[in-house]
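Undergrad: Chains A and B, in that order, are what the protein sequence lines are.
Basically my numbering = 1-based index in the first sequence + 6.
Basically my numbering = 1-based index in the second sequence + 6.
Hints are computed from structural coordinates only; laboratory data are not their basis.
Some clues are possibly wrong.
[As the list claims (entries may be wrong)] Just a few of them, taken from the derived set where beta-carbon distance is under 7 Å, the chain B residues facing chain A:
| no. | residue |
| --- | --- |
| 1 | Leu23 |
| 2 | Gln25 |
| 3 | Pro39 |
| 4 | Arg40 |
| 5 | Gly41 |
| 6 | Glu48 |
| 7 | Glu49 |
| 8 | Ala52 |
| 9 | Leu57 |
| 10 | Leu101 |
| 11 | Ala222 |
| 12 | Arg223 |
| 13 | Arg303 |
| 14 | Ala306 |
| 15 | Pro434 |
| 16 | Ser435 |
The beta-carbon is built from N, C-alpha and C at its ideal position, and this holds for glycine as well.
2 protein chains.
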Amino acid sequence: MSAFDDLKAHLRQICALEQVMGRLGWDQETMMPRGAAAQRAEEMAALEAVLHARRTDPRLGEWLESAAPPDDAGAAIIRHARRGHRRHSRVPVDLASALARETSRAQGIWAEARTRDEPAHFLPALERVLALKREEAQALADGGNPYDALLADFEPGMTGAEIAALFARLRPPLVALRDAVLGAPLQPAPLKGHFPREGQMRLARRLGERFGYDFARGRLDLAVHPFSSGSGDDVRITTRVDEGDPLNCLFSTIHELGHAVYEQGVDAAHALTPLGQGASMGVHESQARLFENQLGRSRALAGWLFGEMQAEFGDFGCTDADAFHAALNRVHPGHIRTEADELHYNLHIMLRFDLERALVAGDLAPADLEGAWNERFEADFELKVDRPAHGFLQDVHWSIGLFGYFPTYTLGNVYSGCLMQALRADLPSLDAALAEGDVTPALRWLKDRLHRHGALRDGRETIAHACGFAPDEGPLIAYLKERFGALYRL
Amino acid sequence: MSAFDDLKAHLRQICALEQVMGRLGWDQETMMPRGAAAQRAEEMAALEAVLHARRTDPRLGEWLESAAPPDDAGAAIIRHARRGHRRHSRVPVDLASALARETSRAQGIWAEARTRDEPAHFLPALERVLALKREEAQALADGGNPYDALLADFEPGMTGAEIAALFARLRPPLVALRDAVLGAPLQPAPLKGHFPREGQMRLARRLGERFGYDFARGRLDLAVHPFSSGSGDDVRITTRVDEGDPLNCLFSTIHELGHAVYEQGVDAAHALTPLGQGASMGVHESQARLFENQLGRSRALAGWLFGEMQAEFGDFGCTDADAFHAALNRVHPGHIRTEADELHYNLHIMLRFDLERALVAGDLAPADLEGAWNERFEADFELKVDRPAHGFLQDVHWSIGLFGYFPTYTLGNVYSGCLMQALRADLPSLDAALAEGDVTPALRWLKDRLHRHGALRDGRETIAHACGFAPDEGPLIAYLKERFGALYRL
């Protein structure tokens, strides 16, 4: 065996164990009995310790010295392996185990606190997780910026300063457009009525089929917070159901389908290598947002979905497909990020980005987080936070240690804008297909340009390769102006 | 840290990872998408390789040399660790990984073959698994008897020859009783009718509550082959539903509850140590069979269950509790082990025991298994095997490499006879409680005498400690003669 073969065999084990860890995470949020939380934390800590040992194996360093990549994919594998080895070698094993244990515990505590609307129940857990993440960030940064070090786990090659600059460019046109929309004389009505759970779940499954999700290699379940997990042949998604608001379930589902179809579309040759998954969280999110917004909320697809809704729920109080399309794109300030319209969504992210940077920097204490959140939220949304579960308790991320993750959502929006511009240029008859509920042409384009390559390139390069141009915020702003300008007759 | 503390910390990791492995097994049979089988096999092989490395860690040998146990539990931990270390050190890591991978694959293939009734689809997988298990048995036996070496995984301290002798003593009175029962003039009628799935599942959940199952630390799902998995705070069971035969679901459930309540009842102090689980498969099965038969099919509990059945299904064609009790204990030759009455059940096991001993010894080739099974089955049951799914394809065990497991079922029956004799002697008012659907007194006795101790003692000693006498087949035969003699008026 060559050093490269040894390296690949070792990475294959790591990837397989990472899949196991992902499955435990899925189980925890969908199936696990509530009394098992403490034991599960021990199980995940034990597995994390194993992964840490594998990722910091001294032989990795030797193989990386001498491995000769046979091709571009091999070179990319070595690049990922080198980065991973350096990243994990900087974190002591005890810290890695403690993080796995505490985040597993904290997730359960967060879910309870959110249900009970009790910030005090969550605070000690958040304090423990943040303290460990700050310790980890220091170790990872190795003298550099701690927040950037955490960001690198999700969007390699990006810095907090670059994100801040991007957000600064994005914010003024977004806010201007939002204000214009909210001031428009014509405001679309939200959907009203009762939409039984079974009908919503049937429709969610039908969306899965339309959007190319392979149910033989995945499954759809309910969870508090919708998510997608797994790679290759076992990619599972979850959704949630609100019988008063079917759009919550349907567009959560389309969103997670974007993540899942991306993972299912990676070339089988990359399976159980570092290339056998999405390129970065920003790219991942771009797929989810492109499914959800650019495709899912388009006038063309809304026409088809309107028919499906009528078939499932009968007359649901929406006069025609135009009114339905307007309801899908209704702009209104709300508390919940995952239910936000496209104009408010990025404001939710900017709020979280600024707060988590302050938390990681030590400029904001967890005890002051709720107050800071509520103050900033009111300033940005002209709306008071009515309860903690609608405020800083709404997202799972911080409880499981995902600091540096939030900005990748807006990065995903920016990327999705670029991809859609390129996709529309290549597929002039896209809307005709979407109007029939046929997403296949778009899926084929995405699979060919992006999905199948997995993590062959880093995030920004993946988008540039797919689009044929370097990504920036321009296409997203142009798309938002066009969609909302037309809908609100600005 | 003392050597004993080091040892315990290491074992804690092993136990936690074994729980993870158990969860993957549960997922595979309940939730996993069918297209994920090959990938899952890789994942389990990677985890098995990790476990193997942990179990054969050279430091274990050193710690075992110098560890001083602080108490009886400590001494038992060392005993288990020494046995495990010796066992696993004898199996090369490549063989352990190959077994994990092949058994994971073979399980999926078996399930397909069973559904399609296609032995040829399963045969190559069975051949691979058997070849690996024979290789493992040779390595484990270290010059001794290979079958005994496999048996030791499930029933430490027992040999194939002892089991054969026990079966030889059990067989004549069993067959005589079976023949007398089948020749009796009065034969109870089986239940007939349609019993909707939802009602069966509701009743299954109610049985869980009555039999002391803590749903906050467990869950109940559907699977092809009912099973129980996990220890401590995450003990899950599965059942299956046949709408024409509710007893299938209900008594499968009570059976698995016996396993699960045992695991849930182990002292929390033993959690994530080698003592934090059942003492042996025979003892485990004794709990399942005692729940299912001695308690579940008693006249007393049948009276309560009859009322529950009426409440759930209305008039279901059974005139009274006596007729219901007779239907629960109807003796008739049938193809399926898990649906067999108490007299035929052990004949199913003796058949499997003889065949698997021949397979492991190399005296029977997998290609000849179906023929050998069908011939022996007809001789023992005076009934032809009508299709492979009702013959050698019915059980999951061999597909997942469980050779040496089957005899522990009959051992469990023998142990359950002993336990019930001791339990009845201590609790004269047991039947009065059971007639009210109150299993609590029996549960309390079992928890105190047996469950809480976990694997503190080996199988036979666990039963002897609980009963106050050394187990043999006498009490089981006496109990069967009494129950079936009365029911069939012999």
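Undergrad: Of the numbered hints stated earlier in the document, which are not met by this structure?
TA: As far as the earlier hints go, 9, 10, 13, 14, 15 and 16 are violated by this structure, in ascending order.
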